[in-house]
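Here's the letter readout for the chains.
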Amino acid sequence: MAGSNGSGAGPLFVIEDLHVSVEGKEILKGVDLVVNRGEVQALMGPNGSGKSTLANALMGHPRYVVTQGRARFRGEDILTLATDERARRGLFLAFQYPIGIPGVVMGNFLRTAVKARRGEDVPVREFRKLLDETMDLLKMDPSFARRYVNEGFSGGEKKRAEVLQMALLRPEMAVLDETDSGLDIDALKTVAEGIDALRGPERGMLVITHYQRLLNYVRPDVVQVLFDGRVVRTGGAELALELEAKGYEWITNEFAPAAAGAEEGAA
Amino acid sequence: MVTKAKDVTSEAGYKYGWHDPEFKPVNITKKGLNQAVVEEISAMKGEPPWMREFRLKAYGHWLERPMPSGFWGGNIQNYSLDFNDIYYYVKPVTEQGKTWEEVPAEIKRTFEKLGIPEAERKFLSGVEAQYDSEVVYHNIREDLKKLGVIFLDTDSAVREHPDLVRQYFGTIVPPNDNKFAALNSAVWSGGSFIYVPPGVKVPMPLQAYFRINTENMGQFERTLIIVDEGADVHYVEGCTAPTYSSESLHSAVVEIVVKRGARVRYTTIQNWSSNVYNLVTKRMAVYGDGVGSWVDGNLGSKLTMKYPSTFLLEPGAHGEILSLAMAGAGQHQDAGGKCIHAAPNTTSVINSKSVSKGGGRTSYRGQLKVYPGAKGAKSTVRCDALILDEASRSDTYPLMEIDEQQVTIGHEASVSKLGEEQLFYLMSRGINEAEAAKMIVNGFVEPIVKELPMEYAVELNRLIELQMEGAVG
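Sequence lines, in order, name chains A and B.
Quick note: the first sequence uses my numbering, first residue -18, plus one each step.
Quick note: the second sequence uses my numbering, first residue 467, plus one each step.
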């Protein structure tokens, strides 16, 4: 595995003994996780187990401080890179709560982002076509491109916009943070199908979710269970079904002694 | 990663700071101000006695009035403005040009660099260019002249339309209004005079461009705009100056009369170099069903104290103030506006956006006054400030005096730091920090910028980008 140079060899994304603190409180306490090319992994776990912390830390949010461990993306340690550099390397985060940016028009923002990701200008016409086609796929109204980024969007619109960005930026490694939360059944189906359409032999995905229902559409190759800042279970798709049936309690009961007093960790 | 903003002086982003070394003024008064200087200015202009009297009286007010303090003003007393170290009148040419060919080459070159002749050809109804104390170029489209539209420099208007000027001059901003209005009234020179006859709609903006060239110069233009019933005009002013180590003073007075059913928009893109004190009094009187709006963009200067005012004097009058301020290192933009409701069913909107960075300071200072009996008055005041780094500052000073019960008043204010979450979001899409910050700032000011004609919106966005260069990361 050592010596992978970002071409084809070795796993796509490797997290080793990752410790992350938020405002001085340790949330991740040694996460180990490997995502291979073409793999979709589901990351599940009760509230406060550290799922969103992992997502934000991987993308380099300044409030999430890595105190120990590494994250290698195609062999390169990305934790020393600025957020925008990570994104240009092909890492993507679909936000749980995308923030509004008043006055910034969606279409302009998306074009700027695609340009940054590709490292070259995108002709207006070509971009327009790409945008129209992708929005069509996600059943988004064309007027969407003229609105301000995430401003006044409904929950469903926000999540669609995240998947739209993922489709346009074509990341090699995507982390989706509860992209299924706050959606009604129809919106969930559209968003999930949009995600599933982005599966590819070169692309890895880490899909953070609480519920089985998203995984009915996006069938995971691997299911990981995070609890109290560590991955405590790894299994196949059947593990998600088991969790759905039994709830998180059996995990909680099994691991609670080790995590005494930490059950109310940050999200 | 989010890094601390560097200390970038605004000169770094200021592209208009050259001066014309070959320029030799035709005439210049001695530094400093006294009665003889006031008389000399009046004599050089060959003015009628009533204007000479007006100046001398105003000079008396200037001597008596203290520097502004208390609620209005940005602590001018703490600055080193020295009235004795200023040239009050610098005459650049003997004759005003009607074509650009008639303008001396070195001066013409300056305005070409600023893109004025080109803008005139493309999208303006008329242009005035003032260089130091006098207007060096003036032109208005022939068809508008035939419709009776008057667009002149104010000195020419005193000679050519004395009755009209005398009827309104100093009535909206009295000479004793404040120290700087008194100063302007004593030593004023140049500025625009506009008269639009009833029902005439001027199709494209009239533009004035004010350029200071001489070091330690005081520019005191005086503008008077009278828009008759049902008429419509948009006036735009731009201003720049060389970057000198010593200070210059710009102290204008603008008076506007908006008659019944008329519409006026006055747009300012103020981009003085950061050695200029910009202390300006602007006021308009709006009559029945008239609409008066100020679009006030302040990007340059060392200290700006400017609160464009709208007096709503008859039922149905509407006033708007859209204020945009950006302050970088060594700058204080003390801006805002006043809306005075003095009649029933009058409406007003104040919308202020300010951005401070690199140790700059912005203040919103505004007054909303509703007189007793102004039933049904409606007003919305909104001021938002964006602070880009720890060294910068923003304050909001709203003054509300509502002396009538039956009114609808809304007031909202927000101060935000350049959002870490917004930056993170944009950067997570591969956009670098500087570009992300620029996008956020441009988005923040968009509600004001979109009110401008396209050409000016582009110009303003470009100026903001220049100021933002090197601001972050």
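Please note that the accuracy of each hint is not assured.
As the list claims (entries may be wrong) - Derived lysine-lysine pairs resembling BS3-like cross-links, with alpha carbons at most 30 Å apart:
(1) Lys96/A with Lys916/B
(2) Lys139/A with Lys574/B
(3) Lys523/B with Lys612/B
(4) Lys139/A with Lys611/B
(5) Lys481/B with Lys6/A
(6) Lys883/B with Lys96/A
(7) Lys557/B with Lys96/A
(8) Lys110/A with Lys916/B
(9) Lys496/B with Lys574/B
(10) Lys120/A with Lys139/A
Unchecked claim - Sample of chain A residues with no beta-carbon within 10 Å of chain B, all distances over it, derived:
(11) His0
(12) Arg53
(13) Asp65
(14) Pro83
(15) Leu111
(16) Asp122
(17) Tyr129
(18) Leu222
(19) Gly228
In case anyone wonders, no lab produced these hints; they're calculated from the structure.
We put the beta carbon where it would ideally sit given N, CA and C, even for glycine.
A quick look at each hint next to the structure:
{"no.": "1", "hint": "Lys96/A with Lys916/B", "result": "25 Å, holds"}
{"no.": "2", "hint": "Lys139/A with Lys574/B", "result": "53 Å, violated"}
{"no.": "3", "hint": "Lys523/B with Lys612/B", "result": "37 Å, violated"}
{"no.": "4", "hint": "Lys139/A with Lys611/B", "result": "55 Å, violated"}
{"no.": "5", "hint": "Lys481/B with Lys6/A", "result": "48 Å, violated"}
{"no.": "6", "hint": "Lys883/B with Lys96/A", "result": "27 Å, holds"}
{"no.": "7", "hint": "Lys557/B with Lys96/A", "result": "52 Å, violated"}
{"no.": "8", "hint": "Lys110/A with Lys916/B", "result": "27 Å, holds"}
{"no.": "9", "hint": "Lys496/B with Lys574/B", "result": "26 Å, holds"}
{"no.": "10", "hint": "Lys120/A with Lys139/A", "result": "13 Å, holds"}
{"no.": "11", "hint": "His0", "result": "19 Å, holds"}
{"no.": "12", "hint": "Arg53", "result": "19 Å, holds"}
{"no.": "13", "hint": "Asp65", "result": "4 Å, violated"}
{"no.": "14", "hint": "Pro83", "result": "6 Å, violated"}
{"no.": "15", "hint": "Leu111", "result": "15 Å, holds"}
{"no.": "16", "hint": "Asp122", "result": "21 Å, holds"}
{"no.": "17", "hint": "Tyr129", "result": "7 Å, violated"}
{"no.": "18", "hint": "Leu222", "result": "32 Å, holds"}
{"no.": "19", "hint": "Gly228", "result": "32 Å, holds"}
Comparing the model with each earlier hint shows violations of hints 2, 3, 4, 5, 7, 13, 14, 17; every other hint is respected.
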